[in-house]
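J.: These protein sequence lines are chains G and R, in that order. Numbered continuously in my numbering, the first sequence closes out at residue 391. Numbered continuously in my numbering, the second sequence closes out at residue 391.
There may be inaccurate statements among the hints.
Since the list gives no way to pick one copy over another, a pair counts as held whenever it fits inside one copy or between any two copies.
Result set (DSSO-like, lysine-lysine): computed pairs, CA atoms no more than 27 angstroms apart in a straight line [unchecked claim]: (1) LYS30 to LYS369; (2) LYS27 to LYS11; (3) LYS237 to LYS5; (4) LYS307 to LYS60; (5) LYS237 to LYS369; (6) LYS27 to LYS369; (7) LYS363 to LYS237; (8) LYS316 to LYS27; (9) LYS369 to LYS31; (10) LYS326 to LYS123; (11) LYS5 to LYS60; (12) LYS391 to LYS237; (13) LYS233 to LYS11; (14) LYS5 to LYS123.
No wet-lab data here; the hints were simulated from the structure.
There are 2 protein chains.
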Amino acid sequence: MGLTKYYTPTKVIFGEGALSQLPSLVKGYKKVLVHYGSDRIRKNGLFDQVTSLLEEAGAKWIPLGGVVPNPRLSLVREGIALCRKEGVDLVLAIGGGSVMDSAKCIGYGVSYDGDVWDFYSQKATPQASLPTACVLTMAAAGSEMSDSSVITNEDGWLKRGCNSDVCRPRFAILDPTLTYTLPPYQTAAATVDIMMHTMERYFTSGESLALTDNLATALLRTVMEAGEAALRKGDDKKARSDLMWASSLSHNGLMAMGNDTRGDWACHQLEHELSGMFDVAHGAGLAAIWPSWARYCIARDPSRFAKLGCSIFSLKPSGDMAADAKATVEAFEDFCTRIGMPIRISGLGIDLTEEQIDQLAHKCSFEGKRTIGAYLKLDEAAMREVYRAAK
Amino acid sequence: MGLTKYYTPTKVIFGEGALSQLPSLVKGYKKVLVHYGSDRIRKNGLFDQVTSLLEEAGAKWIPLGGVVPNPRLSLVREGIALCRKEGVDLVLAIGGGSVMDSAKCIGYGVSYDGDVWDFYSQKATPQASLPTACVLTMAAAGSEMSDSSVITNEDGWLKRGCNSDVCRPRFAILDPTLTYTLPPYQTAAATVDIMMHTMERYFTSGESLALTDNLATALLRTVMEAGEAALRKGDDKKARSDLMWASSLSHNGLMAMGNDTRGDWACHQLEHELSGMFDVAHGAGLAAIWPSWARYCIARDPSRFAKLGCSIFSLKPSGDMAADAKATVEAFEDFCTRIGMPIRISGLGIDLTEEQIDQLAHKCSFEGKRTIGAYLKLDEAAMREVYRAAK
Chain G
1 MGLTKYYTPT
11 KVIFGEGALS
21 QLPSLVKGYK
31 KVLVHYGSDR
41 IRKNGLFDQV
51 TSLLEEAGAK
61 WIPLGGVVPN
71 PRLSLVREGI
81 ALCRKEGVDL
91 VLAIGGGSVM
101 DSAKCIGYGV
111 SYDGDVWDFY
121 SQKATPQASL
131 PTACVLTMAA
141 AGSEMSDSSV
151 ITNEDGWLKR
161 GCNSDVCRPR
171 FAILDPTLTY
181 TLPPYQTAAA
191 TVDIMMHTME
201 RYFTSGESLA
211 LTDNLATALL
221 RTVMEAGEAA
231 LRKGDDKKAR
241 SDLMWASSLS
251 HNGLMAMGND
261 TRGDWACHQL
271 EHELSGMFDV
281 AHGAGLAAIW
291 PSWARYCIAR
301 DPSRFAKLGC
311 SIFSLKPSGD
321 MAADAKATVE
331 AFEDFCTRIG
341 MPIRISGLGI
351 DLTEEQIDQL
361 AHKCSFEGKR
371 TIGAYLKLDE
381 AAMREVYRAA
391 K
Chain R
1 MGLTKYYTPT
11 KVIFGEGALS
21 QLPSLVKGYK
31 KVLVHYGSDR
41 IRKNGLFDQV
51 TSLLEEAGAK
61 WIPLGGVVPN
71 PRLSLVREGI
81 ALCRKEGVDL
91 VLAIGGGSVM
101 DSAKCIGYGV
111 SYDGDVWDFY
121 SQKATPQASL
131 PTACVLTMAA
141 AGSEMSDSSV
151 ITNEDGWLKR
161 GCNSDVCRPR
171 FAILDPTLTY
181 TLPPYQTAAA
191 TVDIMMHTME
201 RYFTSGESLA
211 LTDNLATALL
221 RTVMEAGEAA
231 LRKGDDKKAR
241 SDLMWASSLS
251 HNGLMAMGND
261 TRGDWACHQL
271 EHELSGMFDV
281 AHGAGLAAIW
291 PSWARYCIAR
301 DPSRFAKLGC
311 SIFSLKPSGD
321 MAADAKATVE
331 AFEDFCTRIG
341 MPIRISGLGI
351 DLTEEQIDQL
361 AHKCSFEGKR
371 TIGAYLKLDE
381 AAMREVYRAA
391 K
């Protein structure tokens, strides 16, 4: 086992009415960029609630809306310029992972003299960030506690991530009741997204900590149950609460603690290319790719797949590890189908051509210059094979 | 459900050789108080390793050893004076919970004009603390990430706790190999101590989050298995790793997330009086009290006990909740007996007199002025009853 760092400085306020704590959390900040997506939060009153509380705390604010799923670099650049011009000292995201990721990228950019895309194209490493924080309205991406930000550069439609502790949000306001109105498809995609953040970490290349494995499978079982409950009843408070806190825990580092690698992440990389090209919901894209990635890996090493299935789907070990691993993937597919998620890319309404498969694998491998994955390393040819199987 | 705050800013470095990260962690600190217990760490070389790394990082240091289990206020006062005189800006604990708790109390004291005991006698609330940090050599108390510090005032032998986010350590170096030599009795007491920090939180008075319940039971099962493995083989790396990380997670707040109360804590209060009077190992004291506390509570509400037993001892629900609850306590007693822990106070070598029982209950109830517990509130008479049953 190598060394693992665990660092989650985000102050989380969790529960119905958590927004009431905003004034004390923003104490000391003078000017806040209120960053958000669609006008929905303007219409449902949340925007006014937040800005009133900021004013109550004596903080000035300016708005910047318009964040879209798979958030764009052009809006980030606008945000950076705005923060500089207005002397902003806190970027407050109201939304889900896309808005939070956009806020983090703005935070990086304001604290950097060069082009913020340098961090996402791995030309530079972030050393600082303007403070960011979050009022979460969608529990899925886990960006509210994570060290991760994923941005799409319209110039080439490159979707790239940047990980750094300096972008971990200062605080996160987690009120599960704000997610009651999330539509069924997004709820199902969110369920898969949360699961995948834990499953990516589960597929470590070397030794894992039993405690981490056991916490991971406890979280996965809870999330599947809560996802189905929230689909039956959107305002199921217990289910929405479990999903919300699971989204944070799934991506804050806890689920890789003590493991030899930070996880596999090949599916995430494959999905990033897909949603960069087609703009699909991240969780749905992951559901469409994972089974084919899993079957590709099982041929090389079925062990972790078999263990996972016995833990989260209560499969009885058959004595044949490859068979148990295969049953795990089928159980995952059954679950996805049950909650209305695709298990192939065609289920996203995309009919991939051979040429597109080549393009995706070529971009994902940085033109053949990198492999992805840790449980199993995938080169460009392997990526093509997984995309083709997932077609 | 009310609001829960989750705030764990401690930077954790986990794994064999974690000490190598010390120089980067102390960057910026100029003078370090190296706080420790017995001379064991002087003899085994750890003290020299730590101080060499401090010097390598350009930090000056002064030593203060002599912390004992159930750490004393008099040494804390010495530490406060020393820090002021020497201009210390970081208190680094090398040890387990006692040394860390002592370091936290020194941290409070240096940042306060009044008497530091004010915080422990609830006359004042800490507003600040000198930074503290930890090189952990014993995994049990979880103080390395917690907001808690427990100190014994020799004037009246009062053992009192103080909880505040301002005392959360800046960093914690968690190298499981440093705990290989922990003797069996301490390893068993540590196992119970870790379990109890989660079990106290499990016994919330109102609603609990399913995710938290499931993480808690996953942790408890893992800890029981790891505890027994570490007793069989002191240098079992996997077991020591599980115990070490579980000690932190059990007491950093995770295990109460989303629950209506921060937990019950009656057993802790009852044990604090006991170990204030008799200086017993905290985990052993908890093992001696919990079964009697549990039976006292079961008569009023067996539900959480029954649920716990089904989850962690794989008891089959019998349909009779009170019977399942009773079976849970018996299974806990079996486990304690198996690892060499007492299940009554007599097992600590203490033959409590009626007069002592009265004294303990009187002190624990702050002379009849407070109740303890959340799952069930205990007044002075109830405390007497539990002590007597646990005798």
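J.: Take the hints in turn and mark each one as holding or not.
T.: So, going through the hints one by one against the coordinates:
In this assembly of identical chains, LYS30 and LYS369 lie within 27 angstroms of each other by CA distance neither inside one copy nor across copies; the values are 45 angstroms within and 45 angstroms between. In this assembly of identical chains, LYS27 and LYS11 lie within 27 angstroms of each other by CA distance both inside one copy and across copies; the values are 14 angstroms within and 24 angstroms between. Only between protomers do LYS237 and LYS5 lie at most 27 angstroms apart by alpha-carbon distance; the minimum there is 18 angstroms, versus 33 angstroms within a single protomer. In the homo-oligomer, the alpha carbons of LYS307 and LYS60 never lie at most 27 angstroms apart, since the shortest distance is 52 angstroms inside one protomer and 50 angstroms across protomers.
Taking the closest pair of Cα atoms, LYS237 and LYS369 never come within 27 angstroms of each other, the shortest separation being 47 angstroms inside a single copy and 37 angstroms across copies. Within a single copy, LYS27 and LYS369 get their C-alpha atoms no closer than 47 angstroms, and across copies no closer than 36 angstroms, so neither meets the 27 angstroms cut-off. In this homomeric assembly, LYS363 and LYS237 never come within 27 angstroms of each other (Cα to Cα): the closest approach is 42 angstroms inside a single copy and 41 angstroms across copies. Within a single copy, LYS316 and LYS27 get their C-alpha atoms no closer than 54 angstroms, and across copies no closer than 51 angstroms, so neither meets the 27 angstroms cut-off.
Taking the closest pair of Cα atoms, LYS369 and LYS31 never come within 27 angstroms of each other, the shortest separation being 43 angstroms inside a single copy and 47 angstroms across copies. Taking identical chains as interchangeable, the C-alpha atoms of LYS326 and LYS123 are never at most 27 angstroms apart, the minima being 40 angstroms within one chain and 62 angstroms between chains. Proximity of LYS5 to LYS60 under the C-alpha cut-off of 27 angstroms is restricted to the inter-copy arrangement: shortest distance 26 angstroms between copies versus 36 angstroms within a copy. Taking identical chains as interchangeable, the C-alpha atoms of LYS391 and LYS237 are never at most 27 angstroms apart, the minima being 37 angstroms within one chain and 44 angstroms between chains.
When the C-alpha separation of LYS233 and LYS11 is checked against a cutoff of 27 angstroms, the pair qualifies neither within a copy, at 30 angstroms, nor between copies, at 39 angstroms. Taking CA atoms no more than 27 angstroms apart as the test, LYS5 paired with LYS123 passes inside one copy only; the shortest distance there is 23 angstroms, against 37 angstroms between copies.
Hints 1, 4, 5, 6, 7, 8, 9, 10, 12 and 13 from the earlier list are contradicted by this structure; the remaining hints agree with it.
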